[in-house]
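Trainee: Listed below, chain by chain, are the residues.
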Amino acid sequence: MKIDKNTINRIARLSRIKLDDKESEDYIKDLNSILDWVEQLNEVNTENVEPLSNISSSILPKREDLSNDSNSSEEILENAPDKLEGFFAVPKVVE
Amino acid sequence: MYKSSLKQTLKDLDTKKISIRELNQDYLNRIKENENLNVFIHFSEDNVLKQIDNLENDNSAKKLKGIPIAIKDLFCTKSMPTTAASKILENFNPTYESFVTQKLLDEGSIFVGKTNLDEFAMGSATNTSFFGNTINPLSKENEPLAPGGSSGGSAAAVAADLCLGATGTDTGGSIRQPASFCGVVGIKPTYGLCSRWGIAAFASSLDQAGIFSHNVEDASILLQSIAGFDQRDSTSAKVDIPNYFENLDDDLNGKTVGIPKEYSIDGTPMEISQIWEDAIKVLEKKGVKIKNISLPHSKYALPTYYIIAPAEASSNLARYDGVKYGFRSDEIDSLDEMYENTRAQGFGREVKRRILIGTYVLSAGYYDAYYLKAQKVRKLIANDFNKAFKECDFIVTPTAPSAAFPLNEKQNDPIKMYLNDVFTVPASLAGLPGISIPFGKDKNNLPLGIQILGKHFDEQQVFNAAVSLERSYE
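Just so you know, the sequences run in chain order U and E. Residue numbering for the first sequence follows my numbering, starting at -17 and increasing by one per position. Residue numbering for the second sequence follows my numbering, starting at 477 and increasing by one per position.
Just chain U, same shape as in the assembly (with noise of 0.2 Å):
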């Protein structure tokens, strides 16, 4: 079993996602079940083969870089839960 109590948790904090304990064990045999399904790949001889992270298979284009002040801090702002004089505000970190 790769996914164990102590492991779950430590994922979940990673994750900043907080479980009950009915949630962790649910989560440990899913995980488990699924990190077992996975291990087929180990079967593929993967040696010198490059690992691919871009599809595209055009190169990718350049931009000008150019300065552009959109001043769209309110727009930014519009869907925050909560906000302060023009900031998104979160509970107090520091006493």
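Quick caveat, the hints were computed from the structure, so don't treat them as lab data. Some hints here could point you the wrong way.
For the chain U half of the interface with chain E, some residues (derived, Cβ under 10 Å), not all of them [said to hold, decoys possible]:
| # | residue |
| --- | --- |
| 1 | I(-7) |
| 2 | L23 |
| 3 | E32 |
With a Cα cut of at most 30 Å, we get these calculated DSSO-like pairs of lysine-lysine [claimed, not checked]:
| # | chain 1 | residue 1 | chain 2 | residue 2 |
| --- | --- | --- | --- | --- |
| 4 | U | K(-16) | E | K892 |
| 5 | E | K563 | U | K74 |
| 6 | E | K892 | U | K0 |
| 7 | U | K(-16) | E | K775 |
| 8 | E | K800 | E | K616 |
| 9 | E | K800 | U | K65 |
| 10 | E | K539 | E | K714 |
| 11 | U | K11 | E | K892 |
| 12 | E | K554 | U | K11 |
| 13 | E | K563 | U | K0 |
| 14 | U | K(-13) | E | K892 |
| 15 | E | K554 | U | K44 |
Cβ atoms here follow ideal geometry from the backbone N, Cα and C, with glycine treated the same way.
We have chain U already, so just place chain E on it with the hints.
Mentor: Just chain E, lined up with the frame of chain U:
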């Protein structure tokens, strides 16, 4: 009530056989009659009427003027909220328009509503949506069927004739599989043909916008409208977009079709193998050379996909933190608590599962064994296709391993659900264009789909083969 193809409707509008208002009023009525299907996450009659008013006062000629189009609720739209079918974006009102929807607006189309999908496009049945299941319009009474997914709402909208075309996105089959389940045409173009700007990101190296329509001609018209270079998406391709519709040619004489033997999978229902054979026979009669090809790494496509897609998703969905937009939990004693509770309450089960698995395969000590390994196998899968396309002009396969299944049937076992994408995922990993067209029925008279794959940016060949098969079937 008016019912026709996009091509014919454009003619009827042009010759004033019908007005934009009459046309859209009929579509509005049909949408209201079909509310039980739960096709739309957002629908507002007033909004549609406003769009009609605006177009009536607009004298300029536009290619899609007055055409009712449904938009998958993964595309940001200024005029309507955008949720990605997630609670975490429940009240999100974009302040910008996606590239694809802007193109459709520029052409004068009318957005009838935002269609349902699997949450963040993660699913194959439109049953992970925060806003409930969409029901396949082909369902018999008391026997609701899934429309496929993730773009199930868009596929159902076209199937129930609630619009003349719809946008979708396809990461591993999310356009082609629901098109097959709902008996409509669905095309996922080459990765990079349509800008991803303004589409809520799932797996950025795979996500691609595309089209649902009643037939291949309509798809060719609509795809041309949404394709094109956009500097705001660094993977957007600078290629010439041909006039697919004008160039449609159903004469396939002398062309070669590739038939990949690896797509004959044990356990595939007879009916699926049968329509595949039927399609090959039709092509043979049309003078197409049949070439058996091999894509030896195809069987590794699904496990490769289910490492790469969740890995990219875990990174992309980190932005939903309860700070910038969307839902924020009430339980916020500290900043970390706010993040963890917001994401715990805002995401659904399948999305959390994929974030967790993605985080695991990217985490220190496991990256090489999973993510890097998957990227290498992906390279081999892409190489297989490159090699195969030296010997053929296009490839024909079934679209999905079954017809539409009952709602909720496969919900409990994630791997069983993932197998829905077995025929669509390889081309996604290779970035190739693929279309699904209705071709044949199963024993319950439900539609089945044939998939046609082409070379990079050879959508024209894909359309030509599709229109040829479609015309022979009708």
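Trainee: Hint by hint, say whether it matches the structure.
Mentor: Hints and how they fare:
no.: 1; hint: I(-7); in the structure: 5 Å, holds
no.: 2; hint: L23; in the structure: 5 Å, holds
no.: 3; hint: E32; in the structure: 6 Å, holds
no.: 4; hint: U/K(-16) x E/K892; in the structure: 21 Å, holds
no.: 5; hint: E/K563 x U/K74; in the structure: 25 Å, holds
no.: 6; hint: E/K892 x U/K0; in the structure: 27 Å, holds
no.: 7; hint: U/K(-16) x E/K775; in the structure: 23 Å, holds
no.: 8; hint: E/K800 x E/K616; in the structure: 44 Å, violated
no.: 9; hint: E/K800 x U/K65; in the structure: 9 Å, holds
no.: 10; hint: E/K539 x E/K714; in the structure: 22 Å, holds
no.: 11; hint: U/K11 x E/K892; in the structure: 15 Å, holds
no.: 12; hint: E/K554 x U/K11; in the structure: 41 Å, violated
no.: 13; hint: E/K563 x U/K0; in the structure: 16 Å, holds
no.: 14; hint: U/K(-13) x E/K892; in the structure: 25 Å, holds
no.: 15; hint: E/K554 x U/K44; in the structure: 28 Å, holds
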